[in-house]
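Colleague: Sequence:
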Amino acid sequence: MNKPVILCVDDEPDILNTLKMQLKQEFKDTYFYELAESGDEALELMEDFPEEDRVIVVVSDWLMPGIKGDELLIRIHQKHPKVVKVMLTGQADLDAVQRAVNNADLYRCLYKPWKSKELIETIRSGLAKL
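To get the working numbering, take the position in the sequence shown, counting from 1, and add 4.
Simulated from the structure, these hints should not be mistaken for laboratory data.
Here the structure is a predicted model, which is why all the values come from computation and not from measurement.
Careful, some of the hints might be misleading.
Unchecked claim - So the derived label-pair ranges between C-beta atoms look like this:
| no. | residue 1 | residue 2 | range |
| --- | --- | --- | --- |
| 1 | Lys-83 | Arg-128 | 20 to 26 Å |
| 2 | Asp-33 | Asn-106 | 34 to 40 Å |
| 3 | Asp-33 | Asp-97 | 35 to 41 Å |
Idealized CB from N, CA, C, for every residue including glycine.
Based on the sequences and whatever the hints tell you, model everything.
Modeller: Encoded structure:
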């Protein structure tokens, strides 16, 4: 049986590596952990996974070159409405967060610097609603 995927999107590699480390530390090998450094890369990855290897959680930064996080989550939601969407940002404006809530069914917005415990609890509670 294939494992579900948690996709992390941020234009800062150090943040991506920290997210992956925190997720793996908590969830071990329950999931695959994919990293994308841009919204475009994230959208390509989403299309690369067959249905049996589905992405179940996306944790995305907001301020990135190219596609901003709210737009990325809206696009993902249009094709994959059941994915749990979390914005992790230090700079999102309230309008962007509200757009993601209204148009992408944003589950939660966490702010940098985040606490690992808060991130893990958010993902656990988001997965519980699937």
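Colleague: Compare the structure with each hint and give your call.
Modeller: These are the hints, each one checked on the structure:
no.	hint	in the structure
1	Lys-83 <-> Arg-128: 20 to 26 Å	25 Å, holds
2	Asp-33 <-> Asn-106: 34 to 40 Å	36 Å, holds
3	Asp-33 <-> Asp-97: 35 to 41 Å	37 Å, holds
Every hint, counting from the list given before, is met by this structure.
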